[in-house]
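Student: Read off the chains here:
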Amino acid sequence: MRSRGSGTRAARPLKYSTVCTALRGRNPRNQHRLYGRSRLQVAAIGYNQDMIVNGTSATPASHPTVSGAELPRLAKKRFLHDAAESVRDTDHRAFIRKALGGYYVSHNAQKSRFRDWEQARDAASLAKWSAVNRLDELLPRFVANFEANGGQVHWARDADEARTIVLDLVKAARAKAVIKSKCMTSEEIHLNAALEADGYGVVESDLGEFIQQLRGEPPYHFVFPCMHVRREEISDLFGRHLGTAPTDSPEELTMIARRHMRGLYIDADVGITGANFLVAETGQISITENEGNARLTAALPRVHIAISGFEKVVEHLDDLAVLLPMLATAGAGQPMTCYNTLYAGPRQPGEADGPEEMHLVLLDNARTAILADPEQRDSLHCIRCGACLNVCPIFKNVGGFTYGTTYQGPIGSVITPHLRGLADWNHLSGASSLCGACSDACPVRIDIHHHLLHNRRNAARTSPNALEKIGHKLFVMVARRPWLFALGGKLFRQTLPLLKALRPPLLRDWLASRDLPQAPRESFRRQWERRRPETRV
Amino acid sequence: MNGDSGGSAREVILARIKEALRVPAPPPHGIAAALRSQMGLLPATAALTTSGASAAGSASAAGSASAATALPTLTIVPEEVARPWLPDGGETPEEQLQLLVENLGKLRAVVHHAVDRTAASEYLFTIARERDWKRVAWHPHPLVDPLLGGVPCATYRVDASDFDKHALESCDAGITSCEALVAQTGSILVSSATSGGRALSILPHVHVVVATRNQIVATLADALHAMKALHAGRLPSMLSFITGPSRTGDIERILVLGAHGPKELILILVD
Chain B
3 MRSRGSGTRA ARPLKYSTVC TALRGRNPRN QHRLYGRSRL QVAAIGYNQD
53 MIVNGTSATP ASHPTVSGAE LPRLAKKRFL HDAAESVRDT DHRAFIRKAL
103 GGYYVSHNAQ KSRFRDWEQA RDAASLAKWS AVNRLDELLP RFVANFEANG
153 GQVHWARDAD EARTIVLDLV KAARAKAVIK SKCMTSEEIH LNAALEADGY
203 GVVESDLGEF IQQLRGEPPY HFVFPCMHVR REEISDLFGR HLGTAPTDSP
253 EELTMIARRH MRGLYIDADV GITGANFLVA ETGQISITEN EGNARLTAAL
303 PRVHIAISGF EKVVEHLDDL AVLLPMLATA GAGQPMTCYN TLYAGPRQPG
353 EADGPEEMHL VLLDNARTAI LADPEQRDSL HCIRCGACLN VCPIFKNVGG
403 FTYGTTYQGP IGSVITPHLR GLADWNHLSG ASSLCGACSD ACPVRIDIHH
453 HLLHNRRNAA RTSPNALEKI GHKLFVMVAR RPWLFALGGK LFRQTLPLLK
503 ALRPPLLRDW LASRDLPQAP RESFRRQWER RRPETRV
Chain V
583 MNGDSGGSAR EVILARIKEA LRVPAPPPHG IAAALRSQMG LLPATAALTT
633 SGASAAGSAS AAGSASAATA LPTLTIVPEE VARPWLPDGG ETPEEQLQLL
683 VENLGKLRAV VHHAVDRTAA SEYLFTIARE RDWKRVAWHP HPLVDPLLGG
733 VPCATYRVDA SDFDKHALES CDAGITSCEA LVAQTGSILV SSATSGGRAL
783 SILPHVHVVV ATRNQIVATL ADALHAMKAL HAGRLPSMLS FITGPSRTGD
833 IERILVLGAH GPKELILILV D
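Residue numbers (this note's numbering), protein chains in the order written: chain B, 3 to 539; chain V, 583 to 853.
Please note that a few of the clues may not be correct.
Derived DSS-like pairs: lysine-lysine, alpha-carbon spacing no greater than 25 angstroms straight-line [said to hold, decoys possible]:
1) B:K79 with B:K398
2) V:K600 with B:K113
3) B:K100 with V:K688
Covered stretches of chain V, going by a simulated chain B footprint (3 or more residues, C-beta under 8 angstroms) [claimed, not checked]:
4) 664-677
5) 788-799
Because the hints were derived from the structure by calculation, they are not lab data.
Please read these numbers as outputs of a predicted model, since none were measured by experiment.
Cβ atoms here follow ideal geometry from the backbone N, Cα and C, with glycine treated the same way.
Bound conformation, chain B alone (with noise of 0.2 angstroms):
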């Protein structure tokens, strides 16, 4: 909370950009677009990537060209900087939340044909509970059962080693394109960007996930990627890369996108996809999704890549009983999610088809660092539904983009600081008005904004700030001695109107959206002393 009282205004955006065109100036030129997209398309992508690459405490080594202290810093100011721009927009904020309206109808009906949907939010939070904190005993019996299926599994301990490994499987099987389902921990570890740099053609095939590609666009909401897309828009998009005729409908455009991909599923040598449970009774991965592609995915390339987070293991098949209606429910508001389907191993004798190969890289990428804190264990049991998002009164006010993160919204609040460090994201838990909807909106319980709150303690441990500790001093120490508490208070009585109307730098942001009251004439103590005399001490 350094002092941002000295015409930091017009410094910030000029920071912001000298380090946006730096980064822009690194990015590896891309000989092997699949959409030509423009430079700046290219640039855009690299610039997200190396912030948030930058960022992480996992792979620092690998981005040597801006120092690690550095870019976070700018995170915090590129977060207050964005997120005054986004509140500013009152059209993107309308219609976000026209777009989440829809939801919550479909939510709320959705939640009644559950008969108690209270019993089954402790269900699935018991499901998980139960499989994240025996981690050590069913990931091993899920990797024996996966590996007897026929898959193959692979082993990351950070985003650097995931990439490593995919590319190589990618490089085995000679692939020329890759098409990939949507998939947020491919996202994490920026594999598109590795992929495109070594000369592979990457599609991505949910609708929303391919027009933020043609977009050069990071998802803004991890289940919604293109939510504050408007159809215009989409339509001009596909106008310019795929040449198609501008329409306002969207399932024309959904259309466009349809006859676009299918020849493709069947070139792609290799398809990608994530995994939303890891079932270690039968060795099964399930996937979850819309649209059809996910399926499209893992049934025509030849080999399969799937990659996951451990933590996604469930211990029985049976669990995924109450697990996928509720995602389902919780996420876009459906009774199931359209296609959730279990993927033991590769095509198999007597199937009529299916990949030759199938790998699944399991993801540590600080994973390890949650799970060592049992208070905030409990962050690992999130299915990313996204509800903590849609009910988030910050999210719909800041956007998705303000983040500057894979996950945003709450949950991604709470695991950003444990992935990427506290000291550098711990803004994030100041992002949040603390009404706790998304811990009630979360389908297995996670205790998300006591976990922000958590983050703020924890933050204030481990780096304290000095102006916060002198405060706090002060606050003591007057609040030990009644009649410094007493002399303050009527100088703050007294200093009030002053204070609105010098506006001093320390509060210049706060009182830009908010005023202050009308100072009472008297204390709280004296006008309780002057109604109760007899409780005079």
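Chain V: place on chain B using the hints.
Tutor: Here is chain V on its own, set in the frame of chain B:
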């Protein structure tokens, strides 16, 4: 596969996990009190057992030393769970049929009741005519085979020996059987073993499913247990719950059917 580095990464991660789990975590938020008072957490629905006790279906609970040092390891015993708090799946076959049809309707799938195989074949003939299908794909199966006699267009047979992705892509419809129908959610469970592989039920523009009434089960759990029992030795490489035609809401959160998978899902229920 990836040699030494893979092996060591495995050891490192597993060691990190073991180390991390040495400190136990409190029970899930919001249900700690219920657990502490040792009451049944979910009255009459889920039994809480300690890791030592017999957890049906989990043979290795005792091996977890780390979590055992914490509170008793709590697991839901799946086979005994009726879960009366999930959406209803119906008690009787009639209720289940009614729920299934109702749910499929809400999902905008088409359900057609056929009294026998001849009626089913006639229906297939009608829709093929109406939609002017040029070629339909199918796979050998006792329920699918008798229907094809009536199809007024070319057919493409999908099986292990003869499979061309481009040929399948050019088909107007894919006809498959299924493993089970789930009343609770309106889901159709297909598998790579008995539903013509992976692509037949997802690549063609229309997916026609032929099933019999006795394939209806009440809940997802029932379907999953049936699969474990049926494919005891080896589960098919793919099991997929299809819940309505392919859909997306990615553009302004407006629902569009037929994103990448079938635009239409037609269920022919043979009595």
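Student: None of the hints should be skipped; say for each whether it holds.
Tutor: Tested hints:
no.	hint	verdict
1	B:K79 with B:K398	holds, 20 angstroms
2	V:K600 with B:K113	violated, 37 angstroms
3	B:K100 with V:K688	holds, 23 angstroms
4	664-677	holds (count 6)
5	788-799	violated (count 0)
The structure is inconsistent with the numbered hints 2 and 5, although it conforms to all the rest.
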